[in-house]
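Take the sequences, apply the hints, and build the full model.
As they're listed, the protein sequences go chains A and B. Going by the numbering used here, the first residue of the first sequence is number 630, and it counts up by one from there. Going by the numbering used here, the first residue of the second sequence is number 493, and it counts up by one from there.
No lab work stands behind these hints, which were simulated from the structure alone. Treat the hints with caution; some may be incorrect.
Ranges between beta-carbon positions, derived for each pair [what the hints assert, rightly or not]:
| # | chain 1 | residue 1 | chain 2 | residue 2 | range |
| --- | --- | --- | --- | --- | --- |
| 1 | A | ALA777 | B | SER652 | 21 to 29 Å |
| 2 | B | ALA695 | A | SER784 | 37 to 45 Å |
| 3 | B | LYS698 | A | SER784 | 27 to 35 Å |
| 4 | A | PRO663 | B | GLY550 | 40 to 48 Å |
| 5 | A | LEU724 | B | ASP534 | 24 to 32 Å |
| 6 | A | GLY736 | B | SER652 | 52 to 60 Å |
| 7 | B | ASP682 | A | LEU716 | 20 to 28 Å |
| 8 | B | SER515 | A | SER770 | 45 to 53 Å |
| 9 | B | GLY550 | A | LEU769 | 35 to 43 Å |
So these bits of chain B aren't anywhere near chain A, every CB distance computed over 10 Å [said to hold, decoys possible]:
| # | residue |
| --- | --- |
| 10 | THR685 |
| 11 | SER688 |
| 12 | ALA732 |
Where a beta carbon is used, it is the ideal one built from N, C-alpha and C, also for glycine.
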Amino acid sequence: MSVPHALLALLSEGPKYGLQLRQEFEARTGEVWPLNVGQVYTTLQRLERDGLVESDGPDGDGPQKGFRITAAGETELGRWLRTPPDLASPPRDELVMKILVAVRVPGTDVHEVIQAHRRYLVQLMQQWTRIKEVEAETDLSLALVVDAELFRLDSVVRWLDAADARLRRAAVEPPAPGGAPLPRPRRRVEVPR
Amino acid sequence: MSEPVGFPGGERTSTVSVLELRSVSKVYGEGATAVQALRGVDLHVEPGEMVAVMGPSGSGKSTLLTIAGSLEDPTSGEVLVDGARLAGMSRNAKARLRRRLIGYVFQDFNLLPGLTAAENVALPLELDGVRARKARADGVSALEALGLADQAGRFPDELSGGERQRVAIARAIVGDRRLLLADEPSGALDSATGESVIRLVHAACKKGVAAVVVTHDAQLASWADRVVFIRDGKIVDQTAPPPGPESLLAQGPRS
Numbered sequence: 630m631s632v633p634h635a636l637l638a639l640l641s642e643g644p645k646y647g648l649q650l651r652q653e654f655e656a657r658t659g660e661v662w663p664l665n666v667g668q669v670y671t672t673l674q675r676l677e678r679d680g681l682v683e684s685d686g687p688d689g690d691g692p693q694k695g696f697r698i699t700a701a702g703e704t705e706l707g708r709w710l711r712t713p714p715d716l717a718s719p720p721r722d723e724l725v726m727k728i729l730v731a732v733r734v735p736g737t738d739v740h741e742v743i744q745a746h747r748r749y750l751v752q753l754m755q756q757w758t759r760i761k762e763v764e765a766e767t768d769l770s771l772a773l774v775v776d777a778e779l780f781r782l783d784s785v786v787r788w789l790d791a792a793d794a795r796l797r798r799a800a801v802e803p804p805a806p807g808g809a810p811l812p813r814p815r816r817r818v819e820v821p822r
Numbered sequence: 493m494s495e496p497v498g499f500p501g502g503e504r505t506s507t508v509s510v511l512e513l514r515s516v517s518k519v520y521g522e523g524a525t526a527v528q529a530l531r532g533v534d535l536h537v538e539p540g541e542m543v544a545v546m547g548p549s550g551s552g553k554s555t556l557l558t559i560a561g562s563l564e565d566p567t568s569g570e571v572l573v574d575g576a577r578l579a580g581m582s583r584n585a586k587a588r589l590r591r592r593l594i595g596y597v598f599q600d601f602n603l604l605p606g607l608t609a610a611e612n613v614a615l616p617l618e619l620d621g622v623r624a625r626k627a628r629a630d631g632v633s634a635l636e637a638l639g640l641a642d643q644a645g646r647f648p649d650e651l652s653g654g655e656r657q658r659v660a661i662a663r664a665i666v667g668d669r670r671l672l673l674a675d676e677p678s679g680a681l682d683s684a685t686g687e688s689v690i691r692l693v694h695a696a697c698k699k700g701v702a703a704v705v706v707t708h709d710a711q712l713a714s715w716a717d718r719v720v721f722i723r724d725g726k727i728v729d730q731t732a733p734p735p736g737p738e739s740l741l742a743q744g745p746r747s
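Right, here's the structure in full:
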């Protein structure tokens, strides 16, 4: 979540006060990512230092201090919007680690571990769906955030389903003599950006 | 209209489950080739409750639905619909119960191509002896309630996939149906259309209909009040009643 760029985006609509920026940030993200005032002002100071925003004057950080985006800020915002986030290197996912480990812990039923996580994820999805049902109809930003969360959690459930099936198949017909090889965590995918 | 279909020994308490499966098992075939599709399944579904059944292919979830809908008999165990034991019923009584209390929605719509949307929706009422004019009016108002008034006079091949599925849901809940059984109701639809379909099921439940939705899609299942997980013919787990949405919002920023 890039707070500096989100603030630049809000300032691209016109000059704003710090407090106003905080309120608008929260409203535009469906209030899913709360932001404290201190975070707003330190971020604005950094943006000003880098020449991406300008303020009314040097006197204090009061709520009446206004901020404007600069030409360099506009350029930076445009660059950031079109730069893909780093999705090329797999994150060290805690859930993936737990399942990989569960396969090897004696006396542990990996399918039972998978089901515990699957249940938890579906419960989480039920909660997001309640939000979608009740509030997201009238709040477009919230609807977008909730959909993103539901698709993300859904992909984790699908991975668990696939892992479950793969492990069951492997139990019947082991993939290689001598047991499953340990995963090689150092393998990296390089994608030109 | 809404009195229960006649059944022997029908004492009812005020909190009768709309659907109750009591250690239901189902075996297809015999001897060495026998397949155990369900093994001692217990499931209660209350009025207004939406239950999703999730499980991999071949886990028994579709069998569960056909047995719950009295389209098939269990090998052992009991099925009660609105408090009535199916096993004690004549064929006719069972057919009547199916027509009056149970609505089905399948992945492939099953609308009759020669009938308009309104006629398709009215059909189960007419089969049950409701006069044609009244049935047609009820059909149109069921379509209106689902936002499909404009489609009432159109034929299935003039409707999109999503519209056809919504008509199928209108048909499944028209009249005084108490139980809606759906098998992958948003199967081939894109996610926005699938959501509009499951919203209809959800809305029907808010009005007191009980629903069982079989699916392998977690997004669809997440509309349910309760999700049960089935594997190898057994219910192995279910979700806890979810806390309110407050617990997710304003937790503080995540990295």
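Hint check results:
A beta carbon spacing of about 26 Å between ALA777 (chain A) and SER652 (chain B) agrees with the range 21 to 29 Å that was offered as a hint. Between ALA695 (chain B) and SER784 (chain A) the C-beta distance comes to about 28 Å, which lies outside the given range of 37 to 45 Å. About 29 Å separates the C-beta atoms of LYS698 (chain B) and SER784 (chain A), a value consistent with the hinted range of 27 to 35 Å. The hint said 40 to 48 Å for the Cβ distance between PRO663 (chain A) and GLY550 (chain B), and at roughly 45 Å that hint holds.
Distance hint check: the CB atoms of LEU724 (chain A) and ASP534 (chain B) are about 31 Å apart, consistent with the given range 24 to 32 Å. Between GLY736 (chain A) and SER652 (chain B) the Cβ separation comes to about 53 Å, which falls inside the hinted range of 52 to 60 Å. Distance hint for ASP682 (chain B) and LEU716 (chain A): a CB-CB separation of about 24 Å, consistent with the stated range 20 to 28 Å. Roughly 49 Å separates the CB atoms of SER515 (chain B) and SER770 (chain A), a value that falls within the hinted 45 to 53 Å.
Between GLY550 (chain B) and LEU769 (chain A) the CB atoms are about 41 Å apart, so this pair conforms to the stated range of 35 to 43 Å. No beta-carbon of chain A is positioned within 10 Å of the beta-carbon of THR685 (chain B); the least distance is around 14 Å. Remark: the non-interface label on SER688 (chain B) is consistent with the geometry, its nearest Cβ contact in chain A lying 12 Å away (cut-off 10 Å). The claim that ALA732 (chain B) lies off the interface is violated: its Cβ sits roughly 6 Å from the closest Cβ of chain A, which falls inside the 10 Å cut-off.
The structure does not agree with the numbered hints 2 and 12 stated previously, though it agrees with the rest.
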